[in-house]
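Build out the structure end to end from the sequences listed, making use of the hints.
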Amino acid sequence: MSRSPRASGYFRTSYDQDLALVQTRLERTSLGVFIAALLAFPLIASPFQLDLACQVFLASIGALSLMLLTGYAGQISLGHAGLLAAGAFTVGILFRETNAPFWITLPAAAAVGGLLGIIFGLPSLRLRGLYLAVSTLALHFVVIYLGGEYEARRGFSTGIVVDPPKLGGVSITDARAWYFILLGAAAATLLVCLNLLRARTGRAWRALRTRETVAEALGIGVASYKLLAFVISSAVTAVAGALFAYYRGFVSVEAFSLFLTIQYLAMVIIGGMGSLLGALLGAIFVTLFPYIIEIGLLALPGAQRHASLLFAVNYAAFGLVMILFLMFEPLGLVGMWRRMQNYFLLWPFKHRRAGGSRG
Amino acid sequence: MAELEVDRLTLRFGGLTVLEGVSLALGAGELFALIGPNGAGKTSVLNCVSGIYHGEGEIRFRDRNIAGCEPHQIARLGLARTFQHGELFPQMSVLDNLLTGRHARIHTNPLAEMLFLGSVRREEMRHREAVERIIEFVELERYRHTPVDGLPFGIQKLVGFARALALEPAILMLDEPSAGLNRDEREDLARFILRVKHELGISMIWIEHDLEMVADLADRIHVLDYGRTLAEGEPGAVLKDPRVVAAYIGTSAGSA
Numbered sequence: 001m002s003r004s005p006r007a008s009g010y011f012r013t014s015y016d017q018d019l020a021l022v023q024t025r026l027e028r029t030s031l032g033v034f035i036a037a038l039l040a041f042p043l044i045a046s047p048f049q050l051d052l053a054c055q056v057f058l059a060s061i062g063a064l065s066l067m068l069l070t071g072y073a074g075q076i077s078l079g080h081a082g083l084l085a086a087g088a089f090t091v092g093i094l095f096r097e098t099n100a101p102f103w104i105t106l107p108a109a110a111a112v113g114g115l116l117g118i119i120f121g122l123p124s125l126r127l128r129g130l131y132l133a134v135s136t137l138a139l140h141f142v143v144i145y146l147g148g149e150y151e152a153r154r155g156f157s158t159g160i161v162v163d164p165p166k167l168g169g170v171s172i173t174d175a176r177a178w179y180f181i182l183l184g185a186a187a188a189t190l191l192v193c194l195n196l197l198r199a200r201t202g203r204a205w206r207a208l209r210t211r212e213t214v215a216e217a218l219g220i221g222v223a224s225y226k227l228l229a230f231v232i233s234s235a236v237t238a239v240a241g242a243l244f245a246y247y248r249g250f251v252s253v254e255a256f257s258l259f260l261t262i263q264y265l266a267m268v269i270i271g272g273m274g275s276l277l278g279a280l281l282g283a284i285f286v287t288l289f290p291y292i293i294e295i296g297l298l299a300l301p302g303a304q305r306h307a308s309l310l311f312a313v314n315y316a317a318f319g320l321v322m323i324l325f326l327m328f329e330p331l332g333l334v335g336m337w338r339r340m341q342n343y344f345l346l347w348p349f350k351h352r353r354a355g356g357s358r359g
Numbered sequence: 001m002a003e004l005e006v007d008r009l010t011l012r013f014g015g016l017t018v019l020e021g022v023s024l025a026l027g028a029g030e031l032f033a034l035i036g037p038n039g040a041g042k043t044s045v046l047n048c049v050s051g052i053y054h055g056e057g058e059i060r061f062r063d064r065n066i067a068g069c070e071p072h073q074i075a076r077l078g079l080a081r082t083f084q085h086g087e088l089f090p091q092m093s094v095l096d097n098l099l100t101g102r103h104a105r106i107h108t109n110p111l112a113e114m115l116f117l118g119s120v121r122r123e124e125m126r127h128r129e130a131v132e133r134i135i136e137f138v139e140l141e142r143y144r145h146t147p148v149d150g151l152p153f154g155i156q157k158l159v160g161f162a163r164a165l166a167l168e169p170a171i172l173m174l175d176e177p178s179a180g181l182n183r184d185e186r187e188d189l190a191r192f193i194l195r196v197k198h199e200l201g202i203s204m205i206w207i208e209h210d211l212e213m214v215a216d217l218a219d220r221i222h223v224l225d226y227g228r229t230l231a232e233g234e235p236g237a238v239l240k241d242p243r244v245v246a247a248y249i250g251t252s253a254g255s256a
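As they're listed, the protein sequences go chains A and B. For the first sequence, this note's numbering gives the first residue as 1, with consecutive numbering after it. For the second sequence, this note's numbering gives the first residue as 1, with consecutive numbering after it.
FYI, nobody ran anything at the bench for these hints, they're computed from the structure. Keep in mind the model is a prediction, meaning the values are calculated, not measured. Cβ coordinates follow ideal geometry from the N, Cα and C atoms, glycine included. One should not assume that every hint holds.
As the list claims (entries may be wrong) - To give an idea of the chain A side of the interface with chain B (calculated C-beta under 7 Å), a few residues: (1) Tyr15; (2) Thr201; (3) Arg206; (4) Glu216; (5) Ala217.
Claimed, not checked - Okay, the calculated beta carbon distance ranges per label pair: (6) A:Arg28 - B:Ala2: 54 to 64 Å; (7) B:Lys240 - A:Leu122: 52 to 62 Å; (8) B:Arg191 - A:Leu115: 46 to 56 Å; (9) B:His209 - A:Met322: 42 to 52 Å; (10) B:Arg122 - A:Leu125: 32 to 42 Å; (11) A:Leu125 - B:Arg62: 29 to 39 Å; (12) B:Gly250 - A:Arg339: 50 to 60 Å; (13) A:Leu122 - B:Arg122: 26 to 36 Å; (14) A:Met327 - B:His209: 38 to 48 Å; (15) A:Pro107 - B:Arg122: 26 to 36 Å; (16) A:Arg25 - B:Met125: 20 to 30 Å.
And the structure:
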C-alpha cells in the first residue's frame, strides 16, 4: 500500500522509502508523541479510565481482525462473538482441566480459532453476502452451545473462574500491567495487519473483494485466499477472546451474545470499511459510546428518576447512530477524518486536481 | 511450434451452442487477431482459454493440455489477459493493480509477510522495480499512485493492458483493447501492441472490432460467426473474403 506523494518538501528516492510505514519527520514526531502519551496515560488515569482503555484495546484487536476479513477480503461474518467465545473458553477449559499456563493457552486459543476459521470459511467458497453471513451465524450458536454444555456438565453454571496469568511466579493483577499488556497486543495486531496489507496477501484480498473472477484470472487462488482470511482473522479474534478471559478472570457464555457480534460489525461500519484506522476509531467509539450516553443522561435535570431507562436508551441510541452512519456517512469516521484533512490541506480551494498524482 | 493450440473447442450453455468446433493455433511471437460480429463467441474463446468457462475439446499450451485447469493455474503458466471493460480493482492505485497482476510471480508467504521480514521487503522492492518498468513502457508514470476509479476510461483500459503485462506472460490475450478509446489513444495502443510484439516477443491473441487497425497490425486473422470459424489467414485475403464481408456488412438480396 504505497501512498501518494506529499504536497511538497518530502521526496522519496528509493522504493524502500516508499514501503516504509512512517515516512516524514512530522509523521515520526507525531507517532512518537502519540506513543509517549499512551505510555504516560496510566500514570495519570483513574482505575476506571484504565479499565476503559483496556476495553478499547481488546475491542481494537477484535475490530482489526474483523476489518481484515470483512473490510478487506470482503467476507461477511456474523460469527465474531462465537470466535471470541471460542478463545475465551479455550483458556477457561484448559486452565480448569489442566491448569495450563498462558503460554500454552494463548497459542491453543489461536489454533482453535484458526481451525474454526477453516471450517466456517468453507461455506465462503460457495456462498456470498447474506447467505454467507447466515452460515457463519451457525458458528456462533455451535460455540455458545458447546460452551454452555461445558459449563453445565462441569458444574460451573455461573461461569468459569480463570486465575490471572503468572509470569515468573508473579500473578499479573495490576491494572497498569494489564494496560501495557493489552496495549502491546493491540499494537502488535495493528502491525501484523499493516504488514499483511502492504504485501502480496493484502493485495490479493482487496482484489478478490471487488472482482473475484478477475482476481482468479490474474493467478490468485481465490479459494485459498478466502480461507486464509478466515483463518488469520479467526485466530486473532480467538486470541482477543483469550486475553479477555484473562483480563476479566471469568468466562461465561452470557458475555458472548449476538449483540457483541453486532457491536463489532458496528465498529467496522462506523469506523469506515476498508481502513485499519477505521477499525481503531470504531473500537474507541463503540466502546466508549454507552458511557458517554450515561454521562449525558445523568447530566439531564431530574435524571435520577429515569436511571432505570438507561439500558433502553443506550440500545436505542446505538441503533440510531448506526442508522445515521449508514445513511449519511457510509465511509464512517475515517471518511470524516479524511474530509477534514483534505479541507485543511486544500484550503482555500475546494477540489483536488483531477487525475495525476503531482498536485 | 505453436505456442497455443485450440483444438475443436465446443462450448454450450444449456441448449445454446456458443462455440462449435473452433480450432486455432497461435505461433510464437505472433499477433493473432480474432474478429467477428457481436455475439460471435470471441470473448468465449478467451474465457475458455483462461479457464473461466470449461468447454469440450483440447486447449494446449506448449503441448500441455490446459483445458479443465482452474483460471489461476492457467495464469500461473503465463497466460495473461485483459478484459473488455477494464475490470480493474477500483479502489487500488495503478501501482497496486499492477502488483496484483504480478501476484503469480511474487513468492512470499503470509507468515513472513506478517512480520515484513527482510526477504519480504526485498521481494516487494524487486517486483516494484519490475512493475515500474511496465509503467514506463505504457507511459503511465503520472498516474502511478492514483486510485484507478478516478481515471479516464482510456487510461483505465491502458492500466488493464499493463496489469496483464505485469504477469510477464508468454501469451497475452487482449479483449477489445481499443473499444471506447479515442483516436489518439488508439494510436498509442497500436504502438504499445507493436512494442510488445517486437521488443518483448510476446505472442498475442487480440479481439478487435477496428478492422482498419487489424488490417494494419495483425499477422493473421481468425474470423468467427455464430460460434463457427468463417475464415482464417493473412489480413489482406481474409478481409476481402466474401463470407467475411457478408457476415460483417450483410449482403443485398440480389447478390445472395
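Hint check results:
1. Tyr15: At 4 Å from the nearest chain B Cβ, Tyr15 (chain A) passes the 7 Å test, so the hint holds.
2. Thr201: With a closest approach of 5 Å, the Thr201 (chain A) hint holds.
3. Arg206: Holds - the Cβ of Arg206 (chain A) comes within 7 Å of chain B, reaching about 6 Å at its closest.
4. Glu216: At 4 Å from the nearest chain B Cβ, Glu216 (chain A) passes the 7 Å test, so the hint holds.
5. Ala217: 5 Å, holds
6. A:Arg28 - B:Ala2: 54 to 64 Å: 57 Å, holds
7. B:Lys240 - A:Leu122: 52 to 62 Å: 56 Å, holds
8. B:Arg191 - A:Leu115: 46 to 56 Å: Because 54 Å falls inside the window, the suggested range holds.
9. B:His209 - A:Met322: 42 to 52 Å: 48 Å, holds
10. B:Arg122 - A:Leu125: 32 to 42 Å: 33 Å, holds
11. A:Leu125 - B:Arg62: 29 to 39 Å: Holds: the Cβ-Cβ distance is about 30 Å, inside 29 to 39 Å.
12. B:Gly250 - A:Arg339: 50 to 60 Å: 55 Å, holds
13. A:Leu122 - B:Arg122: 26 to 36 Å: Roughly 35 Å apart at Cβ, these two residues keep to the hinted range, so it holds.
14. A:Met327 - B:His209: 38 to 48 Å: At roughly 43 Å between Cβ atoms, His209 (chain B) and Met327 (chain A) fall inside 38 to 48 Å, so the hint holds.
15. A:Pro107 - B:Arg122: 26 to 36 Å: 29 Å, holds
16. A:Arg25 - B:Met125: 20 to 30 Å: 23 Å Cβ-Cβ, so the 20 to 30 Å window holds.
Checked against the numbered hints given earlier, the structure satisfies every one of them.
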